[in-house]
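J.: Chain by chain, the residues run as shown.
Number of protein chains: 2
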Amino acid sequence: MSRHEAQHIDQSTCAGRRNARALALLALLATCLPTAGTLAADATKPLTMGDVMAASKPSDWRTLDPHNTLYMQLPAGRVIIELAPQFAPQTVANIKTLVREKYFDGLAVTRVQDNYVAQWGDPNADNAKLRRPLGKAQSHVPAEFTIAPGKDFTFTPLPDRDGWAPQAGFAYGFPAAMDLQAHQAWLTHCYGTLGVGRDNAADSGNGAELYAVIASSARWLDRNITVAGRVVQGMEYLSSLPRGHGELGFYTKGEHPVPITSVRLAADVPTKDRVKLEILRTDTPTFAALVESRRNRRDEWYKQPAGYIDVCSVPIPVRAVK
Amino acid sequence: MSRHEAQHIDQSTCAGRRNARALALLALLATCLPTAGTLAADATKPLTMGDVMAASKPSDWRTLDPHNTLYMQLPAGRVIIELAPQFAPQTVANIKTLVREKYFDGLAVTRVQDNYVAQWGDPNADNAKLRRPLGKAQSHVPAEFTIAPGKDFTFTPLPDRDGWAPQAGFAYGFPAAMDLQAHQAWLTHCYGTLGVGRDNAADSGNGAELYAVIASSARWLDRNITVAGRVVQGMEYLSSLPRGHGELGFYTKGEHPVPITSVRLAADVPTKDRVKLEILRTDTPTFAALVESRRNRRDEWYKQPAGYIDVCSVPIPVRAVK
Chain A
-2 MSRHEAQHID QSTCAGRRNA RALALLALLA TCLPTAGTLA ADATKPLTMG
48 DVMAASKPSD WRTLDPHNTL YMQLPAGRVI IELAPQFAPQ TVANIKTLVR
98 EKYFDGLAVT RVQDNYVAQW GDPNADNAKL RRPLGKAQSH VPAEFTIAPG
148 KDFTFTPLPD RDGWAPQAGF AYGFPAAMDL QAHQAWLTHC YGTLGVGRDN
198 AADSGNGAEL YAVIASSARW LDRNITVAGR VVQGMEYLSS LPRGHGELGF
248 YTKGEHPVPI TSVRLAADVP TKDRVKLEIL RTDTPTFAAL VESRRNRRDE
298 WYKQPAGYID VCSVPIPVRA VK
Chain B
-2 MSRHEAQHID QSTCAGRRNA RALALLALLA TCLPTAGTLA ADATKPLTMG
48 DVMAASKPSD WRTLDPHNTL YMQLPAGRVI IELAPQFAPQ TVANIKTLVR
98 EKYFDGLAVT RVQDNYVAQW GDPNADNAKL RRPLGKAQSH VPAEFTIAPG
148 KDFTFTPLPD RDGWAPQAGF AYGFPAAMDL QAHQAWLTHC YGTLGVGRDN
198 AADSGNGAEL YAVIASSARW LDRNITVAGR VVQGMEYLSS LPRGHGELGF
248 YTKGEHPVPI TSVRLAADVP TKDRVKLEIL RTDTPTFAAL VESRRNRRDE
298 WYKQPAGYID VCSVPIPVRA VK
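Protein chains in written order, with our numbering: chain A, -2 to 319; chain B, -2 to 319.
Hint data in this document are derived by calculation from the structure and do not stem from the laboratory.
Just so you know, not all the hints are guaranteed correct.
A pair holds if it fits inside one copy or across any two, identical chains being indistinguishable in the list.
Cut-off 30 Å, straight-line C-alpha distance, at most; resulting in silico cross-link-like pairs (DSBU-like, lysine-lysine) [as the list claims (entries may be wrong)]: (1) Lys273 with Lys250; (2) Lys148 with Lys54; (3) Lys42 with Lys300.
Could you put together the complete structure from these sequences and hints?
T.: Here it is in structure tokens:
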């Protein structure tokens, strides 16, 4: 039995599932999701993720802000992105300028590197004569790799130690990490993370070239690039694209970049045409219960619960609003 | 600066790159890859992965054993799998029996769950009348989730702490983990890991239903399922398949399972038709240098080397033999 199992082997009761470190920062788990009659009646039964979801309350969910939501239409389907102005205010503003100019319409996914990233932008970006002008958008935006958390910053740490950072968890609903000593926080490179392509200079990104992580984690990129948000729906339209066979997974001349039909800010789309989604909040007892249900899987199939979870392995549920 | 950077910030010299814990188990790095004249002449320059590869010696590479190599032909291309009899002897033997019966020919990839696994086998496995008989293969094989390492077992640990296990690293060229106290070792679920589908009973897998991990990591599966090997080439033919929209990513009736043309043991293929590949050994100073080049990326693009790496983030290079 590993140290992790040893630590958690007796967590078969509701009280046991409360993690001491999480409790220091989070509200009590409040008798294991009190709104769920069936669960409260059988409080000694460990919860599966399905149990946790079934017992969630309306207040456990949040809606997407249409002013920070992008719809990227690809031939195969729609990719929905939540922007993170809390972490990259100048970059997000520049991306919104580009989107409102319809900059991305007719551009393409130019790079799909297996087990790493799908990237899109102007296939002629390196050709001064052919490339699309940025219009009113800035060509250089300062690096926004980390932020200095202000007094209204709330961080929900995971109970387990992270390898890539002093602390990992969630902030504003995004997977994130912190270094309290350095007074820095940043968004982590997990599945769906939206990053801002750049050249070697730290300030050479502007949001005209974006990528989504199609690996479940690429944490070595953390603090090396501006993260501007996260794909919340439609990742499969990026992750299942043919891989490029040029250097770094760029499509070669013989391969075909995947065209982008359009990118729109949800706020600019008529209300009736918006996709109504809710995302599970990450700062609630329900989310803490979800994390525990994944740290120690207790359904019959699992024989050896892991007793551990990393930030990129925690699913952040999304649901359609009726 | 995080604790990790603090630990490694002064590793800009060759000597500094030698990790104390790695040195306890590995041979000396021998003056930073002595076969490479240009590298030896500039020993204070941190090595990139490209530098390490360029300086590798023939003895740093191993060839695949044709008796433990599978070729799975899909319509889009060939998937090459290295079997791991060291970890799953009975399961690997059963898979080889199935392959020699041409059991898989004409069966299909039946499940592609985004950011998780691609799985293949008999689409009619649940229908006693329609399913393909297993022939001389066993219908139940004992669980081979872990092994008790014998005296000839060699484990090359990573320098950094793992979250999912007391220790992670490499064994027989595969990503693996260990629990010395429990006297157990096992193969870890990283990108390309070949697992053996099973029902709830631990011994219900037999190798007729296999999956490859298409996420970069799915470590919570470790010690819960028999791992029989690893895809060493052609992962993109699995990872870029359309996702299934049934429960757990199974293809629904309206979707189309991807046919398997054939699965062959390399030893049963004429020598001239075999794919000649070499894989970088994981128990050498060269591999230790590769790990360090990924723990702390020093090329100009990176501004903040991570100072950490997990077992699923270490690439295991494969090359064609001329």
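J.: Run every hint past the structure and note whether it holds.
T.: So, going through the hints one by one against the coordinates:
1. In this assembly of identical chains, Lys273 and Lys250 lie within 30 Å of each other by CA distance solely across copies; the values are 28 Å between and 39 Å within a copy.
2. Proximity of Lys148 to Lys54 under the C-alpha cut-off of 30 Å is restricted to the intra-copy arrangement: shortest distance 28 Å within a copy versus 55 Å between copies.
3. For the identical chains of this complex, Lys42 and Lys300 are intra-copy neighbours only, at 16 Å inside a copy versus 47 Å across copies, given an alpha-carbon limit of 30 Å.
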